[in-house]
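Novice: The residues making up each chain are set out below.
There are 4 protein chains.
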Amino acid sequence: MKFGIIGAGRIGKIHGANVAARPDSAVVYVADADPAAAAALAKATGAKVAEIDAILAAKDVEAVAICSPTDTHADLIERAARAKKAIFCEKPIDLDVARVRACLEVVKQTGATLAVGFHRRFDPNFASLRKRVAEGAIGAIEIVSITSRDPSPPPVSYIARSGGLFRDMMIHDFDMARFVLGEEPVAVSAMGSALVDKAIAEAGDIDTAVVIMETGSGKAAQISNSRRATYGHDQRVEAHGDKGMVHAGNVHETTVELAGAQGYTRDKARNFFLERYDAAYRNELDAFIGAVKAGSKPYPDGEDGLKALLLADAAYRSWKTGQRVAVG
Amino acid sequence: MKFGIIGAGRIGKIHGANVAARPDSAVVYVADADPAAAAALAKATGAKVAEIDAILAAKDVEAVAICSPTDTHADLIERAARAKKAIFCEKPIDLDVARVRACLEVVKQTGATLAVGFHRRFDPNFASLRKRVAEGAIGAIEIVSITSRDPSPPPVSYIARSGGLFRDMMIHDFDMARFVLGEEPVAVSAMGSALVDKAIAEAGDIDTAVVIMETGSGKAAQISNSRRATYGHDQRVEAHGDKGMVHAGNVHETTVELAGAQGYTRDKARNFFLERYDAAYRNELDAFIGAVKAGSKPYPDGEDGLKALLLADAAYRSWKTGQRVAVG
Amino acid sequence: MKFGIIGAGRIGKIHGANVAARPDSAVVYVADADPAAAAALAKATGAKVAEIDAILAAKDVEAVAICSPTDTHADLIERAARAKKAIFCEKPIDLDVARVRACLEVVKQTGATLAVGFHRRFDPNFASLRKRVAEGAIGAIEIVSITSRDPSPPPVSYIARSGGLFRDMMIHDFDMARFVLGEEPVAVSAMGSALVDKAIAEAGDIDTAVVIMETGSGKAAQISNSRRATYGHDQRVEAHGDKGMVHAGNVHETTVELAGAQGYTRDKARNFFLERYDAAYRNELDAFIGAVKAGSKPYPDGEDGLKALLLADAAYRSWKTGQRVAVG
Amino acid sequence: MKFGIIGAGRIGKIHGANVAARPDSAVVYVADADPAAAAALAKATGAKVAEIDAILAAKDVEAVAICSPTDTHADLIERAARAKKAIFCEKPIDLDVARVRACLEVVKQTGATLAVGFHRRFDPNFASLRKRVAEGAIGAIEIVSITSRDPSPPPVSYIARSGGLFRDMMIHDFDMARFVLGEEPVAVSAMGSALVDKAIAEAGDIDTAVVIMETGSGKAAQISNSRRATYGHDQRVEAHGDKGMVHAGNVHETTVELAGAQGYTRDKARNFFLERYDAAYRNELDAFIGAVKAGSKPYPDGEDGLKALLLADAAYRSWKTGQRVAVG
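Chains as they are written, first to last, in this note's numbering: chain S, 3 to 330; chain U, 3 to 330; chain W, 3 to 330; chain C, 3 to 330.
Bear in mind the hints are in silico, worked out from the structure with no lab data behind them. There could be a bad hint or two in this list.
Identical copies go unnamed one by one, so any copy, or any two together, can satisfy a pair.
[As the list claims (entries may be wrong)] With a straight-line Cα cutoff of 27 angstroms, these simulated DSSO-like cross-link-like pairs (lysine-lysine) come out:
(1) 110 <-> 322
(2) 200 <-> 245
(3) 86 <-> 295
(4) 15 <-> 50
(5) 50 <-> 200
(6) 4 <-> 50
(7) 110 <-> 309
(8) 45 <-> 15
(9) 4 <-> 15
(10) 295 <-> 200
(11) 45 <-> 309
(12) 4 <-> 45
(13) 86 <-> 133
(14) 86 <-> 309
(15) 4 <-> 86
(16) 45 <-> 133
Only a predicted model underlies this, so the values are computations on that prediction, with no experimental measurement involved.
In isolation and in its complexed conformation, chain S is listed as follows:
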């Protein structure tokens, strides 16, 4: 399958390398507003630099990976949908629900294939947890608990344009909660504060938050987020059901443990998200290519993107108003 990669930044490089490494897929074109970035990725993947229009017009391009800034996603999805390309788009589709709905309407009308990049679903640990839940290993779900802490906050300049913690960071956890719960949350309560960096508060955002949600049948989910973790990228999911519990823990740097007068010490969790989730990014693309080849619906899709955003919006309003908020 031949890809055009739109956006040659950090995440574009990941997807480009993963496409190039498969024997049955190739990057043929790379576009980026920064010519040097486009050229570098094109060289690394054996592709050519091209304008977005040219990529979308190219007959030999079957799929595009949209890795450009967030505010370009919805527009590019619509253009690619009309150009009959299979679309893999980094999350989010847009920070605005109305814009997302309009975009998904175009996707629907054009019959386009769209996958949204919630890569954590493809992490081998979380995928295994979800598989066990689906197989009934813990029975009927009762409570899902998600802990998600980044090693350190992004620049405040990024935060100011990010849509805020709920839409930028916790969106992954909202998607994970939906993925594991198997039922839609209908109400959200959120609390948050800026404990890591006061500049984040000045930018109108928070860096520390806890959220609870419930579904129509009374299942519950908890999420805790922080923009700080000294011991690595903390990414854990736990699900409780009437037959038991399943937990996916952190991935540590090595299996080594040192014991001495100070106690027993093992390594930090993997710190850098591209290393932590290297298999997830690879598997995500494999799943997209597999679905497109098979003519089946890739997953997670635009609706998943929308629903996670609706949860983020509800959490944002709950944090702002101090009230429990109904979803959607």
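Given the coordinates of chain S, work out where chains U, W and C should sit on it, guided by the hints.
Specialist: What follows is chains U, W and C alone, placed relative to chain S:
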């Protein structure tokens, strides 16, 4: 130190045995509405059966352990306070905040010594976690997460009189949150449902709940509770701060792990709370006796009992109203 | 069951306290060459001080616990056997195989009941491991691996009289190997050196040793010993069979784990053997009393004591000669 | 760096793919006695099929990776050395010590660069363990313990030509022991038996073995091997020193743990050695290429290959004779 034990049920037996096992303390009298229960505990501890009045009047009784039903606690505390006995009372002081306040007023006026039985503070694991937090091992607290699941629900008849999950079960976790946070929560949001037993819903209660709280400075706490756990008594506390994280895990039956075609399997967590918390009950009484002997204030005290109850009441109102509730 | 305790040192105090704590047993007499030690233990257990002869002659003494120095064990066992007392004797019976055989002959002729204090068999973790092996959880045994490291060496003055590392320390591991293997080792190879303290070498002993053994059917066992461990008392057993593996790990001080920039740190293993093995000492005496009451053979018995000593002797000769040595 | 790959079997494919995946290296030729195998690997790596002579004569080939059957290694090393190629050779150089010495003499005379494929040194876990030992984290080494169990035995036809368990399987552990000990073992005692498959005994070999070794200064090492493990590929190393202990544990399939009425169950260890050691194979080649580029000596080298073989031979003789055997 010579004790009168009031209430010879399950928890009275624990405290009676712990008093009797110390070389410097003794049970001298036991009272219980059930003469057979009183006689059995008296025999086991080398004490005599007596009426409550007689115990409170006895010159050689320095301390009483109140282990009778909840609705007798406040009255007994007041009587023991007026009788100048040091008082160790099982939680809660009362299910009604006004009654607790009135009782504590009597304690204050009489200058009585009162400790309330939040035994989990004395569990070696949780005590060690708290000590490290206090020593600054994780820096300034950001988020405290508490998971607390009982192996199975008590009889519905008990639940109907219990004050409900928040006052009966989660009260321990509210106390633990205060213990670890080091700052009072000012707002509570709660969600809950009856997933374990529909009869619990019919009794007006829930068996599954999640709560978030925040303090004035923006610290957060999460609690999850269930009346069901198939893998033992699940009792975990985790605290995050700006320098790191500290976690107190479950106590497993043994350290044995079996590996085979099914994977690696280790034992369930200790299932029965009296075994899980055997050291906590012992240490709790040691601390009480130590404080009384030293003439210092025992801990946790009546104010701790009141504050945990205020959190439970706030959670109850949040669950009922669907709104975030200010504490107190 | 009424006990006379012979020897009021560290281990005598443990057994005395455990006898006294049971509702159905009591210490009635304590003997020790040091009158103050005898008096202290007698006071703590509600017993009287007595001479050994008087204890053995006392009609009301049903059992004796021999906790005196090693070189008195065999003689005391014989005297107690002739006095028709049930005998619990600390390991070893004697450091000399011929003396042990003679002693066991007296035990046999008198029909006396004798248990030898290999307390580790009664540790809940090792007992559980053994139970699973016996139940077939790992299938037919292939290899047993034992790691046993003391926190620090005893005084050189003790080592000089101890019979050496194999008879004094590794004897517990030889017994554990027999306990788990379920088949007698027939050959032993040993290597050892003094790495902890050169004074130990000067006393003719070693402080670090590794041993391999094999049984007639080709099962194997490994033991490693050291008189030094900075991270607590290291006591682990692992058994491999054709269906899997079972491992009993160390008992840590708490379940707390601290994560920070240094990694994840958990507590040291329990350091002091009396704390590490508190349940083992209690269970060991329970088993002895239970067996005597039931009229059944207590375990481990004199033969177990002899067989462990034969393994220690074989290891000693292997170390000295540099050759593999047949057992017995 | 341009490579010729000699041998296109399982391990040749691994090294070929790793060479091809690096931006600065390439496979240019592949040779194999089986033309189809050679063609397949050539296609996968973008190389051409060639005869060995042609590869060695080719001007553009800077390095060869020898991945052919064991009995061809020494001869190919000599030819490649004379052809001035940098040589990466799979272990062992030969099963016969005299042949290895002769081969290494040629390597010495030609000044050739030779690395031997003890890939486990490059496993991130074992490499980290070794690094900590080298940095003094556990102080002066006392005991090294290695557990190494394959999921299941190779075909008996392979075993018959393999040189036996000590030279074929435990050779990796002898190298690991040397790697960690930092001092040469001078004596070996071995025990072994055929517990997995009687046909292995009939082929004159064993499938279960335990070995102890000591160095001149009294450090000790233990190795246990089995050709069977139901719970995955069991690969653990533990090192004890005067300041503490360091342990490298197994790599499990995921971090997921399931808790229920059966206890807590986590995944098996990774079962297939090519997955278990994927990073090790990659890192091994990176180190070889890095050394050749830098003009430094690659590691482990021919002497390491020889010394591991000498330990295997000593273990073999110890097993056969029942005596401790001096090395070399």
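Novice: Is it within a copy, between copies, both, or neither that the alpha carbon of residue 110 lies no farther than 27 angstroms from that of residue 309?
Specialist: within (16 angstroms within a copy, 55 angstroms between copies)
Novice: Have a look at residue 45 and residue 133 and pick one of within, between, both or neither, based on CA distance no larger than 27 angstroms.
Specialist: neither (38 angstroms within a copy, 36 angstroms between copies)
Novice: Could you place residue 4 and residue 15 in one of the four classes (within, between, both, neither) given a Cα distance threshold of 27 angstroms?
Specialist: both (16 angstroms within a copy, 26 angstroms between copies)
Novice: Is it within, between, both or neither when you check residue 4 against residue 50 at 27 angstroms Cα-Cα?
Specialist: both (12 angstroms within a copy, 26 angstroms between copies)
Novice: Are the CA atoms of residue 86 and residue 133 at most 27 angstroms apart within a copy, between copies, both, or neither?
Specialist: neither (33 angstroms within a copy, 54 angstroms between copies)
Novice: Checking an output row: residue 86 and residue 295, CA cutoff 27 angstroms. Within, between, both or neither?
Specialist: Within one copy, since 14 angstroms is at most 27 angstroms while 48 angstroms is not.
Novice: When no copy is specified for residue 50 and residue 200, does a C-alpha distance of 27 angstroms or less occur within a copy, between copies, both, or neither?
Specialist: neither (44 angstroms within a copy, 61 angstroms between copies)
Novice: How would you classify residue 295 and residue 200 at a CA-CA limit of 27 angstroms: within, between, both, or neither?
Specialist: The answer is neither: 49 angstroms in one copy and 47 angstroms across copies each exceed 27 angstroms.
Novice: Go through the copies and call it for residue 15 and residue 50: within, between, both or neither, with a Cα cutoff of 27 angstroms.
Specialist: within (14 angstroms within a copy, 30 angstroms between copies)
Novice: Between copies, within a copy, both or neither: which fits residue 45 and residue 15 at Cα up to 27 angstroms?
Specialist: both (11 angstroms within a copy, 26 angstroms between copies)
Novice: How would you label the pair residue 4, residue 86 (within, between, both, or neither) given a Cα cut-off of 27 angstroms?
Specialist: within (13 angstroms within a copy, 42 angstroms between copies)
Novice: Reference check for the pair residue 200 and residue 245, CA-CA at most 27 angstroms: within, between, both, or neither?
Specialist: between (44 angstroms within a copy, 17 angstroms between copies)
Comparing the model with each numbered hint stated earlier shows that hints 1, 5, 10, 11, 13, 16 do not hold.
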